[in-house]
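Following the hints, position chain B with the ligands against chain A.
Those protein sequences? They're chains A and B, same order as listed. For the first sequence, numbering that gives the first Met the number 0 begins at 0 and goes up steadily by one. For the second sequence, numbering that gives the first Met the number 0 begins at 0 and goes up steadily by one.
Mixed in with the good hints, there may be bad ones.
All copies of an identical chain are treated as equivalent in the list; a pair is satisfied when it fits inside any one copy or across any two copies.
[Said to hold, decoys possible] In silico lysine to any residue, SDA-like type, Cα no more than 20 Å apart, as pairs:
| # | residue 1 | residue 2 |
| --- | --- | --- |
| 1 | 274 | 284 |
| 2 | 274 | 285 |
| 3 | 328 | 264 |
| 4 | 189 | 250 |
If you are wondering where the hints come from, they were derived from the structure by calculation, not from laboratory data.
Number of protein chains: 2
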Amino acid sequence: MPKILITDVVLRDAHQSLLATRMRTEDMLPICPKLDAIGYWSLECWGGATFDACIRFLKEDPWERLRKLRKALPNTRLQMLLRGQNLLGYRHYSDDVVRAFVHRAAANGIDVFRIFDALNDLRNLRTAIEATKEAGKHAQGTICYTVSPVHTIDSFVKMGKELVAMGCDSIAIKDMAGLLTPFVTADLVKALKDSVDLPLHLHSHSTSGLAEMCHLKAIENGCDAIDTAISSLAGGTSHPPTESMVAALRGTEYDTGLDLAAIQEIGMYFYQVRKKYHQFESEYTGVDTRVQVNQVPGGMISNLANQLREQNALDRINEVLTEIPEVRKDLGYPPLVTPTSQIVGTQAVFNVLTEKRYQTITNEVKLYLQGRYGAAPGPVNPTLQQQAIGNEEPIECRPADLLRPELARLTKEIEALATCEEDVLTYAMFPEIGRTFLEQRAAGTLVPEPLEPPPAPTGEPANSVP
Amino acid sequence: MPKILITDVVLRDAHQSLLATRMRTEDMLPICPKLDAIGYWSLECWGGATFDACIRFLKEDPWERLRKLRKALPNTRLQMLLRGQNLLGYRHYSDDVVRAFVHRAAANGIDVFRIFDALNDLRNLRTAIEATKEAGKHAQGTICYTVSPVHTIDSFVKMGKELVAMGCDSIAIKDMAGLLTPFVTADLVKALKDSVDLPLHLHSHSTSGLAEMCHLKAIENGCDAIDTAISSLAGGTSHPPTESMVAALRGTEYDTGLDLAAIQEIGMYFYQVRKKYHQFESEYTGVDTRVQVNQVPGGMISNLANQLREQNALDRINEVLTEIPEVRKDLGYPPLVTPTSQIVGTQAVFNVLTEKRYQTITNEVKLYLQGRYGAAPGPVNPTLQQQAIGNEEPIECRPADLLRPELARLTKEIEALATCEEDVLTYAMFPEIGRTFLEQRAAGTLVPEPLEPPPAPTGEPANSVP
Ligand SMILES: [Co+2]
Ligand SMILES: [Co+2]
Chain A
0 MPKILITDVV LRDAHQSLLA TRMRTEDMLP ICPKLDAIGY WSLECWGGAT
50 FDACIRFLKE DPWERLRKLR KALPNTRLQM LLRGQNLLGY RHYSDDVVRA
100 FVHRAAANGI DVFRIFDALN DLRNLRTAIE ATKEAGKHAQ GTICYTVSPV
150 HTIDSFVKMG KELVAMGCDS IAIKDMAGLL TPFVTADLVK ALKDSVDLPL
200 HLHSHSTSGL AEMCHLKAIE NGCDAIDTAI SSLAGGTSHP PTESMVAALR
250 GTEYDTGLDL AAIQEIGMYF YQVRKKYHQF ESEYTGVDTR VQVNQVPGGM
300 ISNLANQLRE QNALDRINEV LTEIPEVRKD LGYPPLVTPT SQIVGTQAVF
350 NVLTEKRYQT ITNEVKLYLQ GRYGAAPGPV NPTLQQQAIG NEEPIECRPA
400 DLLRPELARL TKEIEALATC EEDVLTYAMF PEIGRTFLEQ RAAGTLVPEP
450 LEPPPAPTGE PANSVP
Chain B
0 MPKILITDVV LRDAHQSLLA TRMRTEDMLP ICPKLDAIGY WSLECWGGAT
50 FDACIRFLKE DPWERLRKLR KALPNTRLQM LLRGQNLLGY RHYSDDVVRA
100 FVHRAAANGI DVFRIFDALN DLRNLRTAIE ATKEAGKHAQ GTICYTVSPV
150 HTIDSFVKMG KELVAMGCDS IAIKDMAGLL TPFVTADLVK ALKDSVDLPL
200 HLHSHSTSGL AEMCHLKAIE NGCDAIDTAI SSLAGGTSHP PTESMVAALR
250 GTEYDTGLDL AAIQEIGMYF YQVRKKYHQF ESEYTGVDTR VQVNQVPGGM
300 ISNLANQLRE QNALDRINEV LTEIPEVRKD LGYPPLVTPT SQIVGTQAVF
350 NVLTEKRYQT ITNEVKLYLQ GRYGAAPGPV NPTLQQQAIG NEEPIECRPA
400 DLLRPELARL TKEIEALATC EEDVLTYAMF PEIGRTFLEQ RAAGTLVPEP
450 LEPPPAPTGE PANSVP
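Excised from the complex, chain A in its bound form (with noise of 0.2 Å):
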């Protein structure tokens, strides 16, 4: 009997984390028969940025990506990552539009609909786990991890109990930014298990370098599943190595059951195919603990580079590091995840940049203390709120519960250029990429953005000293 259950996140967060989001199906399918012997709880294969990176960069239609995955994986629960309401695009949608993303999710092979929110505001999770019970799938809610004043092991519980009454079938810990320590995970996860009556999963970045021991101690506590991915695409921004969990807890009682000679083989196959996409490495791979200091995550901190480098203020990353916690103090202290790390981020580099804290305020920051994004963890800073919306009165709902139902709207106005729903739904979530995607497509002119050859090798294998 396997104790401890593994979700291999190799097909998307893996390299979403360590290349760009840029693995092609066409390196997925060869594969798929060892991962799907493997014998996992599931593997992660769809969501987060993939539909984004399949649209814009490789011309794939991300619905086939995953009809196909379905096909070559009959035997293992199939696992997408959902931004709650946001679905995979950058904007809040109508539940109409919601609910139809979910069936139809479903009807292409999705089992397992991990489900988060950026701000934790659980009203934005409702839609999207409804639909998910509705089409008879898995509803995994989701607490994105974070430190602050206002996120405490109680307020964790609380959500975790929330979810529960919502009809969640489990819960993940979504430690997007390396956060977690091992000891805080002990305590978080035995809170969890005493006052939740559901599977626990844990999903940890290894960003920090925690992540194998954060695992383990989730373990110990009595977390039901971890998320690790295959060996040669994991670690850094990535997570714990499969084989290497699965060799920890080898023989004892929270064996995993699964075959470690049989995933090695799968690890050599990565190891290939990551060459080929060796344009999109980042420059540092290993470990990076800077945010244990500083709670910026990793990924945070290189997209803030690029923009300062853009600006010739590179020189002003250290100030903008400074900046960062002070925006997301007086924002509530939002966990740093897409949207709200772009949203904290860009706002901090107008600080720093115009000299002036709060000169500029940008739109998202405004719609942000609108309430528009959902309700802040905490209290906002109310000066800033009156500087950024005035007298107007922040809304206290459901942001969606302000959206008139939508998808009628866009199927009108995608036209024929939609050949069934999911199309329309391409088109919702990236309305100016989505129909050039589909206008590419009819025309039979999409064209995938090039890869680079393979490097020359440099130097020698190392020689051990004898």
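Chain B with the ligands in isolation, oriented as in the chain A frame:
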């Protein structure tokens, strides 16, 4: 009060594991003030393969390196790795040479002598431990961890007790191959701490991605000190990142008390230094769990691959990997570490390439079966022993008991090329390349092996999908 002590191995094992031991003193000294300020229990910075690499490749005087490090690190214990009666060479030395070596190492700056024997034959540690104590320094007795029918927790505890009786100041578990798993570590550490009243240090390589978890379980079970490496030279065949372990323990009863931000600055430094040695990087620097399946250490696999490639027989490597456990069993299950890894590996290659097992028996295997390296951990194959050494009686005594004092002879042989006892010891370690080194030094013709220029950057840093 810091609870867990840290030994940072960045100046020795980290670059020995990742960069073929090639880091030069000039790249160590600039960062020494920062390293010295951290408050490490010790810095491992000498011994192992560094002596050999200095003489053979870097054309640096290893004694001079030690004196420079001592001066640059006035506040931190300096630690070396010593192969017991083998010292830093590849044969057994007479006791007078061992004593002289330890005394000169102590006089030049070593505070902590970590002393091991490849067979765990403690008689091969005795003289080095005694000499360390005579010199007023810290003698750390080492248990080489391995997996076999004759290596049990009880057998390791027995060793631990013997090391106490021999006067050691602390005990180290040396997991050179990354064979330890977290729950085995827990049991082993607990058993040792229950029976042995000495500080316990854990040295586990990250090869299979389990070392952080092993460290954590060791700490929870009473381990006093762990070995780590600055993150930019951590992971892979090296060690858990110092920063990650410090972050993992912060704010807990096991807090190291070290300043994470200060260590991060050192990480940035070595990140740059590492680039200089890119030609010595392994092609693959990630996690490799194969040792957890076949018990063959990763470093040994790459050496074998090189050996087979030279004989145009790389396609036989899987046969060799299958043969290694057989040879190891025939030899009474030696741990696989210098020199036993070479002894077992080379014999396994012969067994495969000559098509008949033990048709050729290497000289080293003959010496091993004569007892010339010490006592095998378990019974050796009597048929093989008979075939290898005929009716000759294997020795029962400590191998060095058969060696006459040799320091005077060595001093005479090297004559005026040696300007001090340290030079004689250099010659003693490496009769050929040591002599050449001393000759070239006298002639002023020492030239370090050249370093390749840094490679052209490949591709842009990855931009995350928004
Ligand atoms: Co993730
Ligand atoms: Co080592």
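Here's how the hints hold up against the structure:
1. Proximity of residue 274 to residue 284 under the C-alpha cut-off of 20 Å is found in both arrangements, the shortest distances being 14 Å within a copy and 13 Å between copies.
2. For the homomeric pair residue 274 and residue 285, the shortest alpha-carbon distances inside one copy (17 Å) and between copies (13 Å) are both at most 20 Å.
3. With identical chains, the CA atoms of residue 328 and residue 264 are never at most 20 Å apart, being 47 Å at best within one copy and 27 Å at best between copies.
4. Taking the shortest alpha-carbon separations for residue 189 and residue 250, only the inter-copy value of 19 Å comes in at or below 20 Å, while the best intra-copy value is 23 Å.
Against the hints set out earlier in the document, a violation occurs for number 3 only.
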